[in-house]
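K.L.:
Could you build the full structure based on these sequences and the hints that come with them?
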Amino acid sequence: MKIALIGFMGTGKTLLGRMLAARLHYEFIDTDQLIEIRQGQSIAELFATRGEAYFRQLEQELARELAGRDGLVIATGGGFVLNPVNLERLREGGVIVSLIAPAETIYDRVKCNDDRPLLAVADPLARIRELLQQRAVIYQGADIVLDTSLKVPDELIEELVSRLTAKGYGNEII
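Take 458 as the starting number for the sequence shown in the numbering used here and just add one per residue.
Watch out, some of these pointers could steer you wrong.
Said to hold, decoys possible - Using C-beta positions, here's what the derived DEER-type ranges look like:
#, residue 1, residue 2, range
1, K624, H482, 16 to 22 Å
2, Q498, G627, 37 to 43 Å
3, D527, T506, 33 to 39 Å
4, N540, R586, 21 to 27 Å
5, G627, K568, 37 to 43 Å
Because the hints were derived from the structure by calculation, they are not lab data.
Positions of the beta carbon are idealized from the N, C-alpha and C atoms, including for glycine.
P.N.:
As structure tokens, then:
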């Protein structure tokens, strides 16, 4: 089984993904970090030099690669699930967990990070609200939706493991 964490930037996919993988003794993969390593460039550099379409193609190739693997916790880039094919590949033998947070919380978490190409605009908070609205249906369509603004990471991991167990995944993650 694999567990894919989806959600907007700054919702805690990488942090919680690492923690969950350690808890379950699964391999952890951050799709953005893996793409950066393979391409030898940051996401911001890839957007600037090759464009968003090229980056989204890399995400699609990675989704295809990860589809058949088990024992993974995957933290996806914020826009990874904009391609429905990527989302379906993550669902193959896996569970989709959407991490959500209010726009203001996300803004507070990412405002000091210059490596967010989609927020390189005059009003980043308005842009966050706009993108969250565009992606809401995708994020709400996950098997589990978890608000990361209400608890500390350790509590979120406990809640997530409990919810995975309640949904019948207990035998696969214990």
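K.L.:
Now tell me, hint by hint, if it's right for this structure.
P.N.:
Now the hints, each set against the structure:
1. K624 with H482: 16 to 22 Å: 20 Å, holds
2. Q498 with G627: 37 to 43 Å: 40 Å, holds
3. D527 with T506: 33 to 39 Å: The hinted range 33 to 39 Å holds for D527 and T506, with Cβ atoms some 35 Å apart.
4. N540 with R586: 21 to 27 Å: 22 Å, holds
5. G627 with K568: 37 to 43 Å: 38 Å, holds
When the structure is compared with the earlier hints, no violation turns up for any of them.
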